[in-house]
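Chemist: These are the residues of each chain, in order.
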Amino acid sequence: MIPVLLILIPLISGFAGFFIRNGNGAKKWSLFSSVITLLVSIAGLSIYNGKAYLNFDAEWLTGLGSRFSVSLDGLSQILSLLTAISFPVIFISTYRNEYKNAKNFYALMLLSQAGLMGVFVATDALLFYFFWELALIPVYFLSSQWGGEKRIQATFKFFIYTFTGSLLMLVGIIYLYTQTPNHSFSLDSFYSLHSKITGATQGWLFWLFFIAFAIKMPIFPFHTWQPDTYEQSPTAVTMVLSGIMVKMGLFGVIRWLAPVLPIGTWAWGDTASALCIIGMIYASLIAMQQDDLKRLVAYSSIAHIGLMCLAIFATTKIGMQGVMIQMFNHGINIIGLWVVVNLIERQFHTRKISELGGLAQKAPALAILLVIVALANVALPLTNAFVGEFLMFSGIYNSVATTYNVVFTVTAGVCIILSAVYMLNMIQKVFYGNTNELTQNAKDIYPNEKIILAVLVIIIIAIGVFPQPILELTKNVVDSIVTKMNYKT
Amino acid sequence: MNAIIFSAVWGIVMMFSGVLSNNKKTIQATAIVGLILLFIVNLLDLGGNHFINIDLHNMLYFETFGLLFNAIAFGASLLYFLLSSSDILKVGVNGAEYFALIFFVLCGVSIVTSFNTLLMLFLGIEIISIPLYILTGADKRDLKSNEASLKYFLMGAFSTGLMLLGITFLYGATANGSFFLDDIAAAKTSLSPLYIIGLLLLLVSMSFKVSAAPFHFWTPDVYDGAPTVFTSFMATIVKAAVFIAFIRLFGDAFGDTIQRWQIFVAIIIAATLFIGNITAVFQQSVKRMLAYSSIAQAGFMLFALLTLNTFAKEGIILYTAAYSIATIGIFAVLIKMKDYSFEGFNGLAKHHPTIAAVTTIFLLSLAGIPLTAGFFAKYYMLAAALQTGKFLWLVIFAVLCAAISVYYYFRIIQAMYFKEGEPQVLETTLSFRVVLIVLSIIIILLGIFPQWLINQIYYLYL
Amino acid sequence: MGTTQILFWFLSVLAILSAIMVVVSKNPVHSVLWLIIVFFAISGHYILLNAQFLAIVNLIVYAGAIMVLFLFVIMLMNLNADAEPQKNKWLKIAGVIAGGALLLVFVAALKNADLKNQIAEVNSGDIGLIHNLGIALFNDYVIPFEISSVLFLSAMVGAVVIGKKD
Amino acid sequence: MSKLVYLVPLFPLIGFLINGLFRKSLSKSLTGIIGCGTILASFIVSLTIFSDTRKAGFDTVIVKLFDFINVDKLQIPFSFQVDQLSILFLLIITGVGFLIHLYSTSYMHDEENEHYARYFSYLNLFVFSMLILVLGANYVIMFIGWEGVGLCSYLLIGYWFKNTQYDDAAKKAFIMNRIGDLGFLIAVFWMINQFGSVNFAEVFAKAPGTSVGILTGITLLLFVGATGKSAQIPLYTWLPDAMAGPTPVSALIHAATMVTAGIYMIARSNVMYTLSPISQTVVAIIGLATAFFAATIALKQNDIKKVLAYSTVSQLGYMFLGLGVGAYTGAVFHVMTHAFFKALLFLGAGSVIHALHEQDIRKMGALKKFMPITHITFLLACLAIAGIPPFSGFFSKDEILAAAYARNPIYFVVGVITALMTAFYMFRLYATTFLGNFRGTREQEHHLHESPSAITIPLIILAILAVIAGFVGIPQVFAKDAHILHNFLSPIFEKSESLKQTPELSNSMELTLMAISVAVALIGTIYAWRKFSNNPELDEPQGLAKILSNKWYVDELYEAMILRPINAFGKFLNDVFEKSIVDGIVNGVGRTIQYGSRQLRLLQSGQVGGYVLMMVLGIVILFVIQIILKK
Amino acid sequence: MPINYYIFLAVALFCIGVAGVLTRRNAIIIFMCVELMLNAVNLLLVAFSKMHHLALAKVDPNAGINGQIFVFFIMVVAAAEVSVGLAIIVMMYRNTHSIDVNFLNRLKH
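Residue numbers (our numbering), protein chains in the order written: chain D, 1 to 489; chain C, 1001 to 1462; chain A, 2001 to 2166; chain G, 3001 to 3631; chain V, 4001 to 4109.
Careful: at least some of the hints might be erroneous.
[Unchecked claim] Computed from the model, here is a short list of chain C residues facing chain A with C-beta under 10 Å:
| id | residue |
| --- | --- |
| 1 | 1053 |
| 2 | 1056 |
| 3 | 1101 |
| 4 | 1107 |
| 5 | 1108 |
| 6 | 1130 |
| 7 | 1149 |
| 8 | 1438 |
[Unchecked claim] Output of the computed footprint for chain G on chain D, the stretches with three or more beta carbons under 8 Å from beta carbons of chain G:
| id | region |
| --- | --- |
| 9 | 5-14 |
| 10 | 373-383 |
| 11 | 417-427 |
Just so you know, these hints were derived from the structure itself, not from any lab.
Ideal Cβ placement from N, Cα and C applies to all residues, glycine included.
Just chain D, same shape as in the assembly (with noise of 0.2 Å):
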């Protein structure tokens, strides 16, 4: 039943938090609700034991041969429990932003974390594809309507791209959902398909769900919805969207691509990887050259997610425990950052690198608390993402499903040194130097901001620490998904 908690409580309190009257009140509910989801999703993880998962099935679609069903295993579980830690923080990080139209803000942000939710437990095809569109629509109208100047065009460009991937998704779900032996959608009738289609039809198929997946995460060449869109929409709805949404994307090559395809993926596995690393660097690169603080934090996601997708694709248990682990990270780190990026924001109007500076005399516990988030960004030990990244690379240098593992390796290496460049230049110029005529008057960061901020840097020391309980937490879930990979003709 938990799993359904998860969709439930967000989609109801979602749907009630139109109906509030006033935008404070709808805040309240917002933050009520978003920590009931959290203590629901905790309770989830505590009854839950590696081995029994947990399950609802329902009948839904029955003539379809769609059901209604869902359930937490380690996968689900980690990004279940990132989408719950997200939003508390995502709603007390922002909680002295001021929305227009508050209680459909609010409304809306519960909407898209139900369809996330869904998402991370669905294990129906078609159901999954339902909550892939229930989480951007939500997601489509908070940017519009919230967003920055450019944000109709930078949030339609966004949605067609997204949209246009996702039915070629569609279009490979209905594929394999006739190849079927029992016309199903159930996930183990997909898992059961990778012997009975050959090789050449995997082969399109994986393009079909890959470039959807790509569209999501992204992966270069389709990335450039990203950063116009972090850039245009309200912050929280930027970390939604790094947070959160990217990892659907990872999650789909995940569960619904690599093990279904194994051939498909086997075969293409190396292409898709070559765009990785391209993306990885390009990213990095361009990273280097922003000036606003929210486009350079998207080109890093987009490099780390780079990274992720190529460690997918390199098919070790070592790499994916490493995948595992990192989209918690990722999501935990990035939050971070925009709670930072919004706080300036909020306090200067504006995110332009150049025009900031000096902070760090201003608002000391802001610079500490950023240069920690900045430092796991960057993947250093004893921070969250060492761990995660250190384990993706062993997997990439360890891999079997590609000749050119070394080389692999070593160029998206690069993007370790260039990440540490960029970030330290966003921190010596927003932090450090002089302060100037926009920053001489800032002030440190309120008590709440802090807390927030301090929980997240205690999440990423802790799993920095002591990453092993949510590598314990996912491994059966590796394992079964390697296993599936692995397969071959």
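Given the coordinates of chain D, assemble chains C, A, G and V onto it according to the supplied hints.
Modeler: This is chains C, A, G and V only, laid out in the frame that chain D set:
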């Protein structure tokens, strides 16, 4: 048969209602009552209760598929009347006659969903067409309306000629000189050129009626020029009915030779999707955009014709329902707008949140976003095509076109929600808004439990 | 060549030539008159095919009623002069070519038709007699016959709606 | 006692947390006590462990704290390894570290409370990271410390963050280190691939059975890491820039922590290096080249700290030379002695800077009379670094040079030339700073005074160590088995010793070499002393000297060869490629559709004739397709 | 007569009608051309009806009669269409004093 008789009779009643009463409300009420009764008698028909048992000489053949569609068509018409009947009366002084003509069209609709011979198909289509020529020109002082009417008439007559030539060739091709679908289906054995030519000409003329490219050219002009309230009717119920006729015709008469003509349908689908979607992108008027979008939607519906499997048959029912309801809703809103351009919708959400919200749901459904009926409609079409294992290219092309369609549908959403403006909206009554909300609830329900609804109807009557 | 054949060819040539004249005549009134000749030629064919009822109906309904209606309308609008200014020549040529192409594809498609042995019965067979037709019409075809009344009704209503002055 | 080794890093960590979290509320004295006390506690724990290791029959102790990463077959425990090598380093780090902390309490006293605490927290963290590095029982834990010291150097170099140049230096340090770290990491991945483990014990046990090629690869990659951390060619440029940090930090980086990490790592991995002659040669050559190259630059530097920085780079080169020629003990020995005299030099320099608020030696002079303790200790350190017997530097450097000669005489020759330069530039520094006339302002002269005791006490202690530390490694030629350090470390290096193929030098040869190097050092010392005591070099350098003073323009070269192209490429990608091509294609699709829409709707001409024409053409096309298909 | 002759005759008449629709711009004449097309179809239907009658008369004396009945219905429909069509044309003329279809271009694109 109930519906055919009743609609014809009620058409006459409507004519007299105009003679006997000048009160618009009375006329309106008569029309709505008539439609409710029509809906009921059709349900009775579905249940096997016929009023009159006459020897049909096999001219008509009532099956669940057609009757089910009738139910949807009449149900949609009822919603249409509830929403827009007052607007019908505003078009001109001949309100009662317009209602009468609409009832005659519905008579034609119930004929084309139950024909068993090409003669009845021909008559049915003419009974649909001739009142529509008139309704299109109903706003006599409006030159656009006149022009649309004349264009529609000339091209309609031309396509009738094509259809008749096709029927003639098929007649020549049958072994025993017959217009019955069975006999035509039997003529496949010879596969003579007469048969093929007849088939192609019927394909062309039916494509014309459902506005498939390249036979769609009348559609934008006519939909644009006709009084909006009649465009709504033409673009939804009538078009859907012709689709059912199309599918019945090709399923029953040419189903066995599907391999022969599938490719033509595929080409027509591709062209229709392409032209419909691409051209809609640049439109400045919402009404004209909806005309093109109806072409694009027709492209999707044609998938049912392409495959003719169970998926397709179930799907086309759902599609017509989803499409009709959403389009009726949008047109009902459009009628209330003073400015038909996209800018006219600017800021609607702020001033009329309910209308904006339901319009959004209609648009989402048309765009095929999940959790709306439109998604499952498209889903069935794609599934039907993928089921055949062929035409993957067409399916992918179709989804890319669907992605393009998002562009123009969302322009309205953008205007309503994200742009500032003072939209000019006519007075709307509470009941109008309630009906709109009912429409959107139907769309959402169909979007979540499509199977459930179809099953209910199927189980009830099968 | 028997009388039938001579008649057939004569009527065919007459029909086609008159049809062409319908299209090319500048004066609408001439077009109407040429069209009436076409109808006569076709009625001749009907007689040749022993479809006497249709031949008569064709003359009465088409040549008699419909064409007179046309004529009335044309006269009413005072269009008897060469009221049609020169149309775009290229469009005209395109139209002719398109029509020719249509003919060509029809012919090409029919070329291989195995219809050599199929003969249309000329001068005999009594199905075209009014007696037989009447029986068929009011037995087998009573449903469409009744339904066509709806068609007329709607056409009537329509003509009234359109035609009357508001 | 060895089981309690986790206390050693724990204390500095606690110090870091307390000072870091409560930096606003702690008083300076309390901060200082916490900062120094934690290190002192660590030092004491280290000492007790050290006494354990001195006992006979001591075997390596591995203390596993918890499972760090345990995935599939890869098991990485968070464990510490206590053996002779790590304990030696522990002592150096905590001991010298403590002195530097103590020194800092006075040196940094002018800072605001908050920043003072921040400084000490960073310093503690630095020590903590270095301890983790040294204690780690596998390469991953070592890497944690490895990057940790990089981070701390970044934080400390950029301590005065208002100054953008300092921030640049900090950034440079971090990024250069990262480049090396990448090499380290890849080596780790390779090890995982090859050995299935990163634990020292397993890796070294499996290494002899592995092909030389793989070992060469791994060791070279590790060495890349070492070049970053220990400032070797080509990644050395960050170290001189790192002088931006407060002087005690420089002392910490150069003496106790950070730069010795590379030496430690290679000494730790000695088995693998010994098995791979190519890597050894590379290490030796790079080390030697760095030693020589840095020494040339040091000749013409005028910033007191820059000279010391280049001398560190040069000395580190020696150590790598030692490692490269298999003189692991010698290298570690030199690390130790270097820690003492380099810490002393930096702290002495700090004392001078503290007094003068000036770093340019051309504006100093005659400090001898104002700052006697500083002067004496500095002189002792100079003697030690120059390799004058019997100061500590002589013993350690000599051991390396002897081993170098045994491997290849050319190594020795270059080494000796470098030693000559070392003596020269050190005494150039000494003479310019402490002798001659005072060249500063009157106001400076007025304020000149000897530093407080918190500064001088560490100087004195270090000076004593710098003088006597050499005696733990008395060469074989003087006394048999008197090389205490060698005996102590022999369990670590015995495997390598047994694999070593270099012939032993005869006693006479060794004495000759010793004589040569001492002579050279003396020549350099005396020449510089005489040359600079009364007429220091004040003019702008010309010719070769200018190139030297501009550090061979290496920074500029890097800038032009690497940074600018990358930046330009990034700019191109951002401004042109991303906007015009990648996004251009996406928008192009949109525009094409719009354009297509505009064109396509022209078909909708409004003309009935046109529409019918289209229809007819459509029919014709369908029929044509039909006819074609039939054929 | 061989049915071929009738087919070609009818098709030719039909195509002349089509060409007329394409080339003329007077709405009435276009409409007349449509009538011409219908008549071509009628002729062909009657021919086919007689063809079927010939082939099947032994089995069914009324064979082929439905073709002629169909012609009857076509005439019926054509008459209805004419009434509506002329009404529309007259309405158009009343409003614009022209029945030139080229001027019907308010609705385009």
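Chemist: A separate judgement is required for each hint: does it hold in the structure or not?
Modeler: Tested hints:
no. : hint    : verdict
1   : 1053    : violated (13 Å)
2   : 1056    : holds (6 Å)
3   : 1101    : holds (6 Å)
4   : 1107    : holds (6 Å)
5   : 1108    : holds (8 Å)
6   : 1130    : holds (5 Å)
7   : 1149    : holds (8 Å)
8   : 1438    : violated (31 Å)
9   : 5-14    : violated (count 0)
10  : 373-383 : holds (count 4)
11  : 417-427 : holds (count 5)
In the structure shown, a violation is registered for the earlier hints numbered 1, 8 and 9, in ascending order.
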